[in-house]
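Participant: Chains as they are written, first to last, in this note's numbering: chain V, 15 to 97; chain S, 16 to 254.
Quick caveat, the hints were computed from the structure, so don't treat them as lab data. Predicted, not measured: the structure shown is a model, and the values here were computed from it. Among the hints, erroneous ones may be present.
[As the list claims (entries may be wrong)] Partner residues aside, some chain V positions facing chain S, computed with beta carbon under 7 Å:
| no. | residue |
| --- | --- |
| 1 | P32 |
| 2 | A36 |
| 3 | T87 |
[To be verified] Covered, in the sense of this in silico footprint (three residues per stretch, anywhere, with C-beta under 8 Å from a C-beta of chain V), are these stretches of chain S:
| no. | region |
| --- | --- |
| 4 | 71-83 |
| 5 | 120-130 |
Glycine included, every Cβ here is placed at the ideal spot set by N, Cα and C.
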Amino acid sequence: MSFRVHVRVMPRVGLLDPQGQAVEHALSALGFGEAAGVRVGRAIELNVSAASRSDAEARVRQMCDKLLANPVTEDYLLLVEEA
Amino acid sequence: MLKVAVLRFPGSNCDMDTLRAVERVGADGCFVWHRDTDLKGADVVVLPGGFSFGDYLRSGAIARFSPIMQAVQRHAAAGGPVLGICNGFQILCEAHLLPGALMRNAGLTFVSKPVDVIVERTQTAFTSAYAPGERLRLPVAHGDGRYVASDDTLRILEAEGRVVLRYVEQTEGSPLQPNPNGSANHIAGICNAAGTVVGIMPHPERVADALLGSRDGLGFFTSLAAWQPRGSVSNAPTR
Numbered sequence: 015m016s017f018r019v020h021v022r023v024m025p026r027v028g029l030l031d032p033q034g035q036a037v038e039h040a041l042s043a044l045g046f047g048e049a050a051g052v053r054v055g056r057a058i059e060l061n062v063s064a065a066s067r068s069d070a071e072a073r074v075r076q077m078c079d080k081l082l083a084n085p086v087t088e089d090y091l092l093l094v095e096e097a
Numbered sequence: 016m017l018k019v020a021v022l023r024f025p026g027s028n029c030d031m032d033t034l035r036a037v038e039r040v041g042a043d044g045c046f047v048w049h050r051d052t053d054l055k056g057a058d059v060v061v062l063p064g065g066f067s068f069g070d071y072l073r074s075g076a077i078a079r080f081s082p083i084m085q086a087v088q089r090h091a092a093a094g095g096p097v098l099g100i101c102n103g104f105q106i107l108c109e110a111h112l113l114p115g116a117l118m119r120n121a122g123l124t125f126v127s128k129p130v131d132v133i134v135e136r137t138q139t140a141f142t143s144a145y146a147p148g149e150r151l152r153l154p155v156a157h158g159d160g161r162y163v164a165s166d167d168t169l170r171i172l173e174a175e176g177r178v179v180l181r182y183v184e185q186t187e188g189s190p191l192q193p194n195p196n197g198s199a200n201h202i203a204g205i206c207n208a209a210g211t212v213v214g215i216m217p218h219p220e221r222v223a224d225a226l227l228g229s230r231d232g233l234g235f236f237t238s239l240a241a242w243q244p245r246g247s248v249s250n251a252p253t254r
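The whole structure should be built from the sequences, with the hints applied where relevant.
Facilitator: In structure tokens form, the structure reads like this:
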């Protein structure tokens, strides 16, 4: 089976996120003062062949732990859908 | 003669300056391509600055899996000296040869300028030529230079004296150039427990000759040229 996996990598909560701060300031300057807590991360999508949804998720978790996310500074979320 | 391997990744751009600094202190320098699998018998390994793999994903994240890095892991595990400069430091962190990580500068801009650092640890393969507490003015040129680590890791680094270089703090009216990136504890460089693996953000190879306006960085290279494998005589094989 083929799955489309969406990976969301975000800077760990509590670590300084200067990109998020800069975007928040820019939004505020544009009149969107209600925007708060802005953080900037990275989205990665990939197709994975696997026997099951859980197998696909397990493989992508390994990819995240090894390469796609830095365990020191980032957390990630996965969304798996049938391709 | 001491043999020094300067690694080259696609996107390395301080490799030639680093090799020249190595040769200036009388060591035998050679380039080693990232797809190679052995270090050509080198005693010391230097990972130079640059933008390996375009800094894609994260700085150093892809270079860390280049074939040569397995040889670097074995070299480091055997007590061989490894120096990572700038992107080289980022690669060593991604490769878990040093703890922590280097994140986007707090000010978000790429910073290219001289900064002032204090040499806090001289018992390493790369800083033995300096005096403890010596202040150096070294150039930095990075966008991802903000050192971060867990509180536990920072505590261990401080307790074990593993902060090799520290930026001076911003003080009003001081002519000194302070921390340019917001790093934790003003850290500019760290080492492993043995002091054999060192990572630094500043570029000593750019100030290793009076012709370049300063020789503040030369000590990193005279230190490595004087390095002796523990318990061995002169250039006895370490493997």
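Participant: All hints are to be evaluated individually against the structure, with a verdict given for each.
Facilitator: Hints versus structure:
no.	hint	result
1	P32	holds, 5 Å
2	A36	holds, 6 Å
3	T87	holds, 5 Å
4	71-83	holds (count 5)
5	120-130	holds (count 4)
When each numbered hint is compared with the structure, no violation occurs for any of them.
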